[in-house]
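Put the two chains together into one complex; each comes in its own frame, and the hints tell you how they fit.
Quick mapping for you: the protein sequence lines, in order, are chains A and B. Quick note: the first sequence uses our numbering, first residue 32, plus one each step. Quick note: the second sequence uses our numbering, first residue 116, plus one each step.
Where hints are given, some of them may not hold.
[To be verified] Output of the computed footprint for chain A on chain B, the stretches with three or more beta carbons under 8 angstroms from beta carbons of chain A:
{"#": "1", "segment": "125-135"}
{"#": "2", "segment": "156-163"}
{"#": "3", "segment": "183-189"}
{"#": "4", "segment": "201-214"}
{"#": "5", "segment": "218-227"}
{"#": "6", "segment": "233-240"}
Hints were generated in silico from the structure; no laboratory data involved. Built from N, CA and C at the ideal position, the CB exists for glycine as well.
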Amino acid sequence: MKSNSKSNWIKNVLQPTIKRRIERKPDFDNRSGIKLETVYDHTDATQSNLGYPGEYPYTRGLQPNMYRGKVWTMRQYAGLASAEESNERYKFLLNSGQSGLSVAFDLPTQTGYDSDHPLALGEIGRAGVPISSLADMEVLFKEIPLNKVTTSMTINSTASILLAMYIALAKKQNIPLDQIGGTVQNDILKEYIARGTYIFPPTPSMRLVTDLFQYCAEQVPKWNTISISGYHMREAGATAVQELAFTFSNAVEYVQSAINAGLDVDSFAPRLSFFFVAQSDLFEEVSKFRAARRMWANIMRNHFKAKNPRSWMCRFHTQTAGVTLTAQQPDNNVVRSTLQGLSAILGGTQSLHVNSRDEALSLPTPESAELSLRTQQILAHETRITDTVDPLGGSYYIENLTDQIELKANSYIDQIKDMGGALGAIQQGFQIKEIHDSAYKLQQDVENNHETVVGVNAFQTTDPTIIPIQRIDPDQTKNQLKRLAKVKSERNPDEVEKRLHALRMAASSTQNIMPFMIDAVENYVTVGEISDALRSVFGEQKEFSPF
Amino acid sequence: MGETIIKVLVAKPGLDGHDRGAKIVARSLREAGMDVIYTGIRQTPDMIVSAAIDEDVDVIGLSILSGAHLELFKQILDSLSEQNRDDILIVAGGIIPEEDRIMLKEMGVAHIFGPGTPTKEIALFIKNACNNLKN
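Chain B on its own, in the form it takes in the complex (with noise of 0.2 angstroms):
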């Protein structure tokens, strides 16, 4: 049996519409070999969350730097949970102070890349995350 393609939903909760880094890491994962789909700016927690069931994601990657990322996220996590999809990993990246890291990951954030961080390490820590979920 050939590996399995992991899906990513790259999304951009909030109104902030600094893309940069969310593309660059839609592109980078894309030729990681993953199916990447990219949501565009200001999506709703709803749109999010919708968008990666009907999508039937393996992995959510959120991008943020609106320093919104506790109510969003949380409303996100929260969802997910309702319609008992805590199966998806959940990783993020963008301007997010230190100590809300511990915040986010107690929510249930797997992952958040900081800035500077290479693409490839992202792409390594969700092949390795998969893995390990499905074993």
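Just chain A, same shape as in the assembly (with noise of 0.2 angstroms):
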């Protein structure tokens, strides 16, 4: 007999099938806490205005076509121990049919250090390439023309001393400022909450973010600005539901700020991108997606009175998950990323970073790097899930999914709008506790085995694996500081306190900073040298609400 309505199916037929056998777990709640269903049918997908790709609100996707006109863009995140050896890592993916370049900077580079600085020290060429002065960027993109690839740093508190030297190298290669593509990540917000990569306080810092937009609003159009970042904070252990909260909830703060430093909305908007990350859990995943698009759109559109449809798209790159990836039998971290990459691919991503099989361990060997971008193009080329638009759309459970996660993001937004904004909310050090919460909780559930990580806490193997480990070459470090002090020794001291001096005056006063740091770069003064003078007139952050 046939059931004419759910909950009839529930009493007749699906009750006494559970009180027969017991189910796997006593519940099914996902990690946001929303409760799963055992099924879904057309009364839980509510909503009514759907839409078609490439409309308002973009649920479906940004463009009509999506990967049938071209696939997403596959940008592989790398940076290795020096300029030299980046640059040859870079040539190679070009060569290998990677679309973009994905620069990691060392931890000095993104703190404001130079490499001959003590806290340096065992730091340098560790997390990504050092680079000092435009020298080190000289080298980083010899035969690279800037106007044939479009570059992705990431790169917060020191953004636009890097931007500076990517301008400035390319009018080295006489290069027009319109014919330059990339993005900054300049998401300082995040760095508070997750990341920790911040130097100064917020308002200079939110300062600094904003004259970046204005000057790339007038003189590059093409360079997105920011990347507003959820992957660190969702790293750091926030559900998919803060994911979006947080992320959205810091984009809205830069929007403002941008807009009370007199800008108008519709020319900078455009250029704002997203980094989400895809963990395992993949019709949430996929949901996540779909609704942070829609809430974007709402948010740009009503909230900003945003008129330009491209100010309202929510476009993103995404990163497969970094943290359930297991030092133990480390090959299964192949299959968690291609699952990962999927869902992202499934929710309509504009570019996609898969992470290597060894990166619990230490950064990726050249094998396993190349390993990630095969994936990315077994994905793209073998699969057919590019040849139709937002295959789930109209999933009953994708749809319920993706309304959930709107729903319950938007209430988490609005608590953080009445504690005065993400940055408010930052000082009373709310986003951090909510994170950790979430992350305490997981780990929990992992030592009581209510979670099951494989490998971890079931089906071990008691051999260790011993995989082969990317090591950094003690020479690459010296050379950095060869080239460095090289640097330092060749330069005019009166010219280079001259743009110090310039620097720490902007810094003082409201003029845009970016055209005394193209300067300053050009100059070949330092890293750390603008940093130290910035730091002299910003002062420097202390860690929010050390735990």
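Here it is as structure tokens:
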């Protein structure tokens, strides 16, 4: 007999089954606290205004034909111990069919110290490439014409310095600034919340962000001026709902502060971009990406009254989840990352990085980095998931989950608004605490076997797997220090001081700081020197709400 | 006489801001009955050593994911032994390759807890090691 409604089916068919045989878990809540039902039907999918891809609110995708036109940009994040070695890797990746560059900088570069600073000890070239002066940047992009690639740079508190170097390099290559394209992460708010590479207090930091917005709107129109990132907050422990809520409340803070600085919303909003993670809960992630597009379209159109449809579009990069990689049975990570990449594509990402199997142990070897690119190419060219747009759209489950994620994230955003916006909430330690609580809860669930991690708390093997490790050659560090010493000795100290003085003056005024940055880096003033000049004017930020 | 409470400094040397693990370990050791101080991120070896001595801790737990462990841990251990505080138990966690673990142990790190280690295991190790030191 066929049930005529879900409630009848539950009563007559489902309940007797569950009574006979108990289910695997007492409840099926996902990590965001959304209760999952046994099955969904048309009564659960309430979104009557689903629409079509390429149209507001873009739930189904930003372009009308998505990957039928062109597949996503395969952008593998890489930065090796030195500018020379990274340059080789970039050229190899470009020749292997990668479509864009993504530069990882080492931590001294990210926190405003030159390679010769005492705090750089042990850190030079570890997390990425060390860049202290334009001379390093010239080596990094040697034989790579900047109008032929797009370059994403993961750089935040020193974003304007590194962008100034990229601009200086384009000028040296005689490439007009309207022909260079790329992204700086430039998302300082999430650094206070999760990633930790802030230097200055929030107010001057926000000013650096908006100065960069304004300069690019006028001079570098194809540059993505920010990549507002949920990735790192999620890696720190946030749930999918928290990822969207905290990312969009940060985004609202940036847009508002640019408007307050006198910019017209449509002059900069089309260049805002986003960065999300793809974790392992496949359907939740697909729904999250769809909800993200709809939420941003509503925020920009209805709250900020942007008129240009490009201002409504949530363009995003996705990276698979570093935290899900295990040191145990590392080959399993290839499978995890592939499935996570799949969710990003089903969710309509604009670009993708697939992590490598060895990253719970060290930086990836060239072989495992190549395997990540091949993973993307197999997804793009062999699976046919690219041949139709939003293939999961209309699924009762996906539509219900998309709605619920949007609803829950919006109520978080309202809560943050009541705390004085993202910055107010940061100052009260709100996001940090919420994220830590989620992380702690997951850790307990893994330890109590309520969550299964293959190879870690289930299906373990006893033999430790030794896999080849990417090592840093100490000579690379010596070369970097040698080049920096040479740059510093060959400069005219008066010229350097003149630029630093101009920078300090600009920093104390309301002038846009970018032209002063460019002038400084063109004269080989270093990242550390510029950062110190700004520290002397802006001061330094201490950690918010230490645990 | 009641059991003395173990005092632990959880510290993040170096410039990396990945503090998820450090905070989880700090909280779980606290819940296991220890007295835990968490330094926050971006601590220099000097800052960590003076905090450990000022607070008179029994244990320092170092968390690092940037790859700078060999250089920074060496400074911390050297400085502790210069100040005759070799008695402080050092444990560590983070992204630390297998081969480096051997070197770190030779340097004087009692144990390195890799990714995926249950927090209960860390607490148990510290309790046993502290008991052994006292006996």
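Practice task
Could you work out which earlier hints the structure fails to respect and list their numbers in ascending sequence?
Solution key: 5
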